[in-house]
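Peer 1: Chain by chain, the residues run as shown.
Protein chains: 2
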Amino acid sequence: MAETKVLGMNAADHEISYANNSVIQKGVISKVTPIIEESVRDMFMEMGPTYIKVADLGCASGPNAFRIISQVIDTIHRMCKGQQLELPEFEVLLNDLPENDFNSVFKSVPDFIERVQEKCFIAGVAGSFYHRLFPTRSLHFVNSSNSLHWLTKLPAGLENNKGNVYMARSSPRNVFEAYADQLRKDFTNFLSLRSKEMIPQGRMVLAFMARENADPSNEDYVWELVAKSLYDLVAEGVVEEKDVDSFNLPFYSPCKEEVVEIVERERSFEINNLQVFEVDVNHLKADEKLRNKDLGYNVYMEMGENFANTVRAVLEPMICSHFGDAVVDRLFMRLATNVADALSHPMLYKGFNIVVSLTKK
Amino acid sequence: MAETKVLGMNAADHEISYANNSVIQKGVISKVTPIIEESVRDMFMEMGPTYIKVADLGCASGPNAFRIISQVIDTIHRMCKGQQLELPEFEVLLNDLPENDFNSVFKSVPDFIERVQEKCFIAGVAGSFYHRLFPTRSLHFVNSSNSLHWLTKLPAGLENNKGNVYMARSSPRNVFEAYADQLRKDFTNFLSLRSKEMIPQGRMVLAFMARENADPSNEDYVWELVAKSLYDLVAEGVVEEKDVDSFNLPFYSPCKEEVVEIVERERSFEINNLQVFEVDVNHLKADEKLRNKDLGYNVYMEMGENFANTVRAVLEPMICSHFGDAVVDRLFMRLATNVADALSHPMLYKGFNIVVSLTKK
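So the sequences go chain by chain: A and B.
Just so you know, we're using my numbering here: the first sequence kicks off at 1 and counts up by one.
Just so you know, we're using my numbering here: the second sequence kicks off at 1 and counts up by one.
Any given hint could turn out to be false.
Copies of the same chain are indistinguishable here, so a pair counts whether it falls within one copy or spans any two.
What the hints assert, rightly or not - Taking lysine to any residue pairs in the SDA-like style, the calculated list, with each CA pair at most 25 Å apart, reads:
#	residue 1	residue 2
1	K162	Q182
2	K153	R41
3	K361	T75
4	K31	D74
5	K119	I199
6	K81	T136
7	K196	E89
8	K107	N189
9	K228	I113
10	K119	T152
11	K196	S138
12	K119	H131
13	K107	L97
14	K228	H149
15	K256	E219
16	K242	I319
17	K228	N174
18	K119	K228
19	K162	D341
To be clear, the hints were calculated from the coordinates, so they are not data collected in a lab.
Please model the complete structure; the sequences and the hints are all you need to start from.
Peer 2: Listed below in structure tokens is the structure:
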């Protein structure tokens with residue numbers, strides 16, 4: 001688990017916290033909502049439980065930590081109201097790595113309980129979802145949003161991925177294969193662990209970053225802007241080239257076909273629904289433009305900074321661990337500029353997510 | 001719940017943390033161990049579960065957070081080994097107030113899981129145990145050590161308890177009654193909540209501070225040293241007398257008879273075992289003496305400081321909230337001196353605990 005140690009998001013009291021910089025994550029959640037609702041409805045209709053145990057994997061610590069749980073409870077609430085059924089009890093398990101800021105999550109528990117006004121019991125579970133986390137056959141519904149694109153470790157054999165921090169058009173073929181292979185191992189393991197923890201007929205909805213094209217060498221990756229920013233710092237003499245050459249992200253954005261293949265081979269789950277969708281970053285533009293009617297203000301730069309802060313909240317621990325704390329401010333200022341520059345090329349801004357809804361056989 | 005907000009212990013990264021200053025708590029736990037073991041053994045023999053859900057209420061954040069859970073698991077492990085049974089799975093719920101330092105608890109989870117090497121799933125549950133915390137009929141074993149002496153709020157009608165911060169020999173009769181009445185309400189509520197959460201035949205072991213004498217006006221209370229220290233600061237002009245007069249602890253140390261009466265009236269539980277025992281502070285003395293062979297060193301003063309730090313780790317939030325942060329260092333330095341002075345009067349050092357083992361009817 002050593003490699004996962006740098007994956008924790010910045011804590012809630014950090015200047016650039018994940019809690020305050022997860023705009024894009026929110027956008028994804030709003031796309032995933034109807035699929036979660038459908039999945040919860042189907043589970044409740046088929047299983048009719050009087051007690052529902054729900055797990056959210058990779059809950060993080062921002063306002064999003066309770067968002068999906070709210071959707072689950074609201075969905076069941078509406079069904080019970082419509083059919084005049086008694087509300088079940090909910091046991092909710094919020095999971096993230098031990099480095100997550102659970103103190104901040106727990107401080108919101110009393111307000112959340114008051115808001116939902118249901119018999120709802122919240123617990124935090126610290127640990128990697130690439131290990132067993134919950135008792136056997138105990139879960140009715142599992143969600144994981146925006147987390148499964150993180151691998152357990154860097155794939156072996158990325159030495160020749162120079163000039164990049166992740167797969168890129170210019171990456172050698174073996175780099176694509178090494179990344180794909182690591183996802184196969186990690187995602188298969190994830191499915192097999194969850195299949196032990198879930199009750200048959202239980203549902204699971206997973207959403208994470210993906211790519212549009214089956215051919216990984218035919219995609220524009222948003223991480224290329226991070227690579228570009230790092231090499232800018234090399235040109236300025238702030239960072240050594242060999243350090244950037246040896247830096248790669250333990251991340252993978254699969255295409256639809258890869259996800260289907262892994263689920264089918266692992267055999268514990270049936271796919272109900274699977275969609276790849278473009279992450280909408282335009283709402284960012286609209287919001288910012290509305291707020292900044294003064295034409296003299298550099299809207300693009302503010303958007304660049306917003307984007308850089310979102311990325312920083314996720315990458316900062318990894319960057320610090322590899323390059324040292326001193327380069328961080330400079331790197332993300334540079335990233336903000338590069339994003340602002342890139343805004344006239346919307347291609348570079350495309351990001352895709354996959355959402356898959358599964359039933360435990 | 002406003003009143004319980006100041007009850008959180010000092011966080012693990014606080015200079016005087018509960019984690020590093022809970023020597024007396026450890027002493028109590030060692031006394032309670034055989035009763036926990038007996039209770040767990042009886043539960044396992046009667047219920048024979050393949051899956052055991054355990055809750056520890058008021059777990060705090062020090063090394064003690066996992067201590068009782070270890071005892072529970074070790075006890076079952078020994079029984080299974082002896083009888084060649086398969087080990088059950090454990091689901092462990094560690095509870096404390098939302099202000100507790102759960103981040104520090106969770107950082108120890110991976111080490112704990114590795115040590116016990118059993119299928120053991122740990123979760124943190126933030127909330128007051130004077131509210132519902134767990135699903136209906138879900139718990140096999142419940143423990144609470146060193147927490148139930150804290151009341152939900154200060155009893156009404158303590159205005160004439162001047163010169164004291166808790167019940168004392170000099171307290172008026174109505175003060176004893178007000179305190180006893182608040183415990184009756186709080187402890188009855190606690191039992192009734194847990195009875196909903198526990199499976200019939202489930203066991204619960206509760207240990208908390210108690211008093212030796214049925215007559216509350218016939219006891220030496222260790223908190224009198226805190227009152228004395230506060231009035232010393234009044235004499236020095238650092239603290240206002242009216243502020244000390246209006247300060248009382250939301251705490252109650254019942255006698256054996258009161259506990260029996262409340263349990264019997266509430267009717268959900270049967271008492272298996274109930275003991276009042278003196279808290280052994282002599283091991284503190286022995287330890288310190290061994291470490292300080294240089295006769296020139298003021299052993300008593302170091303013991304006074306240890307004791308003051310233990311009390312500080314618990315009381316600091318309450319003291320700060322009532323008197324302001326500025327007096328804290330001075331107060332606990334004074335308490336250390338007063339404890340050192342009192343060491344020649346062992347009477348003042350007597351503290352009692354009660355442990356009661358219950359079966360859910």
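Peer 1: Please go over all the hints and tell whether each is borne out by the structure.
Peer 2: We went through each hint and held it up to the structure:
In this homomeric assembly, K162 and Q182 come within 25 Å of each other (Cα to Cα) only inside a single copy, at 19 Å, whereas the closest approach across copies is 70 Å. Taking the shortest Cα distances, K153 and R41 never come within 25 Å of each other, neither inside one copy (36 Å) nor across copies (42 Å). Within a single copy, K361 and T75 get their C-alpha atoms as close as 23 Å, which meets the 25 Å cut-off; across copies the closest is 36 Å, which misses it. Taking the shortest alpha-carbon separations for K31 and D74, only the intra-copy value of 17 Å comes in at or below 25 Å, while the best inter-copy value is 47 Å.
Both within a single protomer and between protomers do K119 and I199 lie at most 25 Å apart by alpha-carbon distance, with minima of 21 Å and 18 Å respectively. In the homo-oligomer, the alpha carbons of K81 and T136 lie at most 25 Å apart only across protomers (22 Å), although the nearest pairing inside one protomer, at 31 Å, exceeds that limit. Taking the closest pair of Cα atoms, K196 and E89 come within 25 Å of each other both inside a single copy (22 Å) and across two copies (13 Å). In this assembly of identical chains, K107 and N189 lie within 25 Å of each other by CA distance solely across copies; the values are 24 Å between and 33 Å within a copy.
For a Cα distance limit of 25 Å, the shortest separation of K228 from I113 qualifies neither inside one copy, at 45 Å, nor across copies, at 42 Å. Taking the shortest Cα distances, K119 and T152 sit within 25 Å of each other only across copies (21 Å), while inside one copy they are farther apart (36 Å). For the homomeric pair K196 and S138, the shortest alpha-carbon distances inside one copy (9 Å) and between copies (20 Å) are both at most 25 Å. Taking the shortest Cα distances, K119 and H131 sit within 25 Å of each other only across copies (11 Å), while inside one copy they are farther apart (29 Å).
In this assembly of identical chains, the alpha carbons of K107 and L97 lie at most 25 Å apart whether taken from the same copy (18 Å) or from different copies (9 Å). When the C-alpha separation of K228 and H149 is checked against a cutoff of 25 Å, the pair qualifies only within one copy, where the shortest distance is 21 Å, while the shortest distance between copies is 60 Å. In this homomeric assembly, K256 and E219 come within 25 Å of each other (Cα to Cα) only inside a single copy, at 14 Å, whereas the closest approach across copies is 73 Å. In this assembly of identical chains, the alpha carbons of K242 and I319 lie at most 25 Å apart only when taken from the same copy (14 Å versus 55 Å across copies).
Taking CA atoms no more than 25 Å apart as the test, K228 paired with N174 passes inside one copy only; the shortest distance there is 22 Å, against 75 Å between copies. In this assembly of identical chains, the alpha carbons of K119 and K228 never lie at most 25 Å apart, being 50 Å within a copy and 46 Å across copies at closest. Taking the closest pair of Cα atoms, K162 and D341 come within 25 Å of each other only inside a single copy of the chain (24 Å); across copies the shortest separation is 71 Å, beyond that limit.
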